[in-house]
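Chains X and C, in that order, are what the protein sequence lines are.
Note that the UniProt record's numbering gives residue 511 to position 511 of the first sequence, counting from 1, and the numbers run on in steps of one.
Note that the UniProt record's numbering gives residue 64 to position 64 of the second sequence, counting from 1, and the numbers run on in steps of one.
If you're looking for bench data, these hints aren't it; they were derived computationally from the structure.
The C-beta atom is built at its ideal place from N, Cα and C for all residues, glycine as well.
Careful: at least some of the hints might be erroneous.
[Stated by the list, open to error] From the structure, some residues in chain C lie toward chain X, with a derived Cβ separation under 8 Å:
# : residue
1 : P253
2 : Q266
3 : V318
[Said to hold, decoys possible] Coverage of chain C stretches by chain X, computed from C-beta distances (three or more under 8 Å per stretch; other residues unrestricted):
# : region
4 : 41-49
5 : 159-172
6 : 239-250
7 : 284-292
[Stated by the list, open to error] Every beta carbon over 12 Å from chain X, so not counted as near; a handful from chain C, in silico:
#  : residue
8  : T9
9  : D90
10 : S104
11 : D188
12 : S190
13 : D227
14 : V269
15 : A275
16 : M320
17 : A324
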Amino acid sequence: MSKSILRIHPAIAFARVGNSDDYYLAPETMAGVPVAGSKPPVMGGLPIRRGTEHDTITDEDLRDASGALKRQAARFKIFAYSEAEAKAYPAATEQEIRIGEPLGDKTVTDIIWTVHVANKKANTFVLEVSNANGPVIDNYGNGNLPPIRNASFYPGDEGTEELAVLNNPERVSRLTIDFGPRTVRGAGAAPVRFDAATEASVYSAEGGLKALPDYPKSWPAKSFPDGLYSPTGEVDTLGHLETDEAGRLVVLGGYGRASAWKQADGSFYQLVSSVDNDGWFDDTSDGPVSAVVVLNGGLPDETRISAGTAWVATADPSYAPQILNVVSLWDEVYDTFVRKLDLQPEIYSDGEYRYDRYASFEDDVAHIFRGTALQEWISNLPQPAKHAHRAVGRIGAETVPADTILSGLAYIRNPNLPQQAMLGVPLMPGALGDSGQAFLSPTLTQYYFLTQWNDRKCSAEPVKPLSPGDLLDKASLINCLGGRFSPGIDLTFTVRQEEIYVQDWRKKEVGPFRIAPKPLKLDGLDPDVPVLSEGYVPLHSTGEDLVEPGDMTKFMSVPWHTDYNSCATHPTSPTIPHNTTLYWSWPAQRPVHVHLASEVKDGKPGPQRYSVRGPGTGSENPANQGRYQDIENILPNWHKIGFVIQDSAIIGGQRNPDQFFEVRSELPVDEGLVIPPWPMNDKSTSAG
Amino acid sequence: MSSAESQWTLEQLQEHLQAAVDLEFWTIPYYMAAAYSIKDQGEAAFQLILSVVNQEMLHVQLAANIANAYGLKPLFKCPVYEGTHIPHLDFSLDDPDPRTLFPSARAEIGQLDIARLQGFCLVEYPFWDTGHPVDANPDIAVYGSIGEFYQAVTVGATQLKDHIKAVNQVDAFKRFYADFAQPTITLDGSDGLAQVANLVDAITSQGEGTQRPAGLKSHPKHPNLPDIASYFQSASNPPIKKQFRNTADDIEPSWPHFEKFYSLIQGGVLPETYAAERFPREGTPGYAAQLRLVENFTKFRWAMTEKFAGKQVPQFYVHMVTLAGNILACWQNGAVPAFSHHDLNHSAQTRATFAALESEPRFPLAKAANAKAAAWKAEPATA
Chain X
1 MSKSILRIHP AIAFARVGNS DDYYLAPETM AGVPVAGSKP PVMGGLPIRR
51 GTEHDTITDE DLRDASGALK RQAARFKIFA YSEAEAKAYP AATEQEIRIG
101 EPLGDKTVTD IIWTVHVANK KANTFVLEVS NANGPVIDNY GNGNLPPIRN
151 ASFYPGDEGT EELAVLNNPE RVSRLTIDFG PRTVRGAGAA PVRFDAATEA
201 SVYSAEGGLK ALPDYPKSWP AKSFPDGLYS PTGEVDTLGH LETDEAGRLV
251 VLGGYGRASA WKQADGSFYQ LVSSVDNDGW FDDTSDGPVS AVVVLNGGLP
301 DETRISAGTA WVATADPSYA PQILNVVSLW DEVYDTFVRK LDLQPEIYSD
351 GEYRYDRYAS FEDDVAHIFR GTALQEWISN LPQPAKHAHR AVGRIGAETV
401 PADTILSGLA YIRNPNLPQQ AMLGVPLMPG ALGDSGQAFL SPTLTQYYFL
451 TQWNDRKCSA EPVKPLSPGD LLDKASLINC LGGRFSPGID LTFTVRQEEI
501 YVQDWRKKEV GPFRIAPKPL KLDGLDPDVP VLSEGYVPLH STGEDLVEPG
551 DMTKFMSVPW HTDYNSCATH PTSPTIPHNT TLYWSWPAQR PVHVHLASEV
601 KDGKPGPQRY SVRGPGTGSE NPANQGRYQD IENILPNWHK IGFVIQDSAI
651 IGGQRNPDQF FEVRSELPVD EGLVIPPWPM NDKSTSAG
Chain C
1 MSSAESQWTL EQLQEHLQAA VDLEFWTIPY YMAAAYSIKD QGEAAFQLIL
51 SVVNQEMLHV QLAANIANAY GLKPLFKCPV YEGTHIPHLD FSLDDPDPRT
101 LFPSARAEIG QLDIARLQGF CLVEYPFWDT GHPVDANPDI AVYGSIGEFY
151 QAVTVGATQL KDHIKAVNQV DAFKRFYADF AQPTITLDGS DGLAQVANLV
201 DAITSQGEGT QRPAGLKSHP KHPNLPDIAS YFQSASNPPI KKQFRNTADD
251 IEPSWPHFEK FYSLIQGGVL PETYAAERFP REGTPGYAAQ LRLVENFTKF
301 RWAMTEKFAG KQVPQFYVHM VTLAGNILAC WQNGAVPAFS HHDLNHSAQT
351 RATFAALESE PRFPLAKAAN AKAAAWKAEP ATA
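Full structure from sequences and hints, please.
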């Protein structure tokens, strides 16, 4: 019998909504990093064609034949580790686990996957708290809690405290979308749907699969039988599971739909907020993934090995998949593990960074520089800033730091000096900051690595390279947004809370970056009593294994569309006296200003256009431009937004890997609209 | 001789305009080095001084635009920072002499301290309207204050308005001054004079604020001097004119330079700065940082000369932006920033190398295009 330890990767993976039944697979390479051997040369971050190992998509793969936006599926793989390696990070893998292939002296005959996703956005706390001007997490501190969403929706007594309201079974049932867990097994398995018609099931050590016919499913139409307003289709599914020919898990999310229920006066709820809309559902979700690998199935020596757990979340489409965030979700999760969960004591231990340790340029530093250089393709940087950003992008492993534009880290906002969060240009990153911070700062660990680089304590290559499993973890997270969690796009501020993770990540089948699923009671189910509850509450939930399905995405905007629409450019928050300058929110994840592939002339980019454009998006005030003025208009239009991808991935393009253009937008172009370069000012107020 | 009686030649005006460029350019390393000596850029002192640095870059552009309009392609010569000498300003010509208020002023490059702040205040010291015509002496480009200097320039510029030609105009800061309608000269001859006057107005308004109102109070300790504090705290004293205020990144966009600097003196407590020595030994990291700064600043000066001569300069902005890092690296390595080989404790061989670099332009300014420069970078590994 093999003594290998099995783990699922990515530890946290992302599916993305689309309004097509068709899909492509989530990228397994890192945005900004050239993909070795690619012809024509492409950078990482591009999704993968359905049914292939790693063939990346082109512009022709973004939409189906009808023009609908394809969904992004999350693909999970299982890797084997030796016991010694499993306690380390990075950890070298022995092999990937595929059905039909050997593992030690046995053969992998089956992989049984269990996934349970849910959507709890309607039954949780608000994100925007009146008069709160600090980080979102502060709203949960000192025993406090923010107000709740849908506060008027409570069938019980008034005066009940918030957590009791949120845990009221009737409220949970009616405001949570939960079709229960699903299992899928074998190679090439047909879709198993998260919907009302499909039976819930879980893995059982006895029989392999256990049906849960009495699982208390809940979904909008069941909760509100008197009708829903669903402008692009009713929220009636959270996606499906299937497997590929090697038995890997493929998870699809929803279709980007949103549904509103009726208010007491019989009218449907309207969209009134960027992030907290009472009376609305969307079809994003999240939840745990687990797997059991069957060796020599059906034979006397059949063996089953748990591969532990991972997590899947369904989020907004990735409209600029190759544009790297300067502060990514990876940087946030990694920083949390380094500083709070003893990931690499050679970097950080006893509350201090180890400044005698050399950083790896490629693994620790380069992505910050590459992300910087890519910003010009999704924001209206002025020409001098473009030159400066490109100079950052040219910094290589062999470049002497003191010879560079970042010498002395003169332009890097120092997260160790909190008042620098209020300082704009020339400090970088040049984007808006986290809740309570005017400007974005690198994480403490990013700044540590930059310091090592600046002090020439940086080697070209890592001491120990990332294994394929480690790389999947990193690629999945680095292609997502970090830093500005207000609330964000993929996941949000709770990724900084160490209690959401499996603390002892060195345990056999765990591994780092694993969200700790809460064990659910699935025996003796009552169809009218919800299995889920409010679940994880930051700074309030205690113990281990705290996170239920839906607990990660419930802290995001409901519906996600309104926040995406809103977050183009804003003034700073907190405001800076005398300053009305606008900055970008999440340009790498929510492109603001783009060059159209159709307007390239002689190989050169044409004028910049708003990514969100067309009727209803104009405003005299630059602070409101590039978005729908009536936020409800984002619902029928989100899937028309184009994608920014590398020219070398555009069929019929110039194949210039140095340029990134918008493709496959279905939004009209106002050729007379000129977008001036930054800086631009909010015209609704005047500087003193 | 009154301004009305002086007759300027074009050469005399050009000499003044070169002096204007010299003076504006001189302030940039002087202020910038002090700003980056502050350990935390979050300090108000850093932000205020950097905002002045940014505006001085605008002033350089404006002065150079005027120079080009009068047929002079300005040179960006190596500034010298010695003793109390501020180029083209002789405070003994000002009456009363402002050095009484700022007796500790020093003109050397150094950490932000009271000597530097007093020096900054002297440079930006307001021009007090005595009610008499400015002594606009076309023969000598030395005046008692910047305001007086520019008033003299205005006299010569007005006399020679027919020479104005809209050539080699640079507008690099347009988006940072949304209300500054015309920072370049676009009209020839006398039609362009109002534009010239507007640029001069921008420089003096941003630097000193507007002239004092009549009836300014006397300084409580120095009866012959104006009370600076009451000048700026007076509601009747307008700050920078609205059209010349920074609209993008200035924490006090209505404050003239003098007010920003003087507020720091009044604040009393200065922020923590890096400790440094002026002449670190050759081979030390501090010395290496100084070499890099001298190299890049020299290239930047050449780039400025080329840019304001109407040429395309590769990597111009990269050289410009990198200066801050070069300066900070000096402080971080215990060395006072050095901007020319005059400021270095170097060997004869190094001196010769620098002299060669400073005497001939090397373009394009791509990295490591210069073998001599590469040799300077030899430094011991810090690891």
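Verification of the supplied hints:
1. P253: holds (5 Å)
2. Q266: This interface hint is violated because 19 Å lies over the 8 Å limit.
3. V318: Holds, about 5 Å.
4. 41-49: holds (count 4)
5. 159-172: violated (count 1)
6. 239-250: Coverage by chain X holds for the region 239-250 of chain C (5 residues, Cβ < 8 Å).
7. 284-292: holds (count 3)
8. T9: holds (37 Å)
9. D90: The assertion about D90 (chain C) holds, with a minimum of 35 Å to chain X.
10. S104: holds (28 Å)
11. D188: holds (28 Å)
12. S190: holds (32 Å)
13. D227: The claim stands: D227 (chain C) keeps its Cβ more than 12 Å from every Cβ of chain X (closest is about 25 Å).
14. V269: holds (15 Å)
15. A275: holds (16 Å)
16. M320: Non-interface label on M320 (chain C) violated, nearest chain X Cβ at 8 Å vs cutoff 12 Å.
17. A324: At about 4 Å from chain X, A324 (chain C) fails to clear the 12 Å cut-off, so the statement is violated.
Against the hints set out earlier in the document, violations occur for numbers 2, 5, 16, 17.
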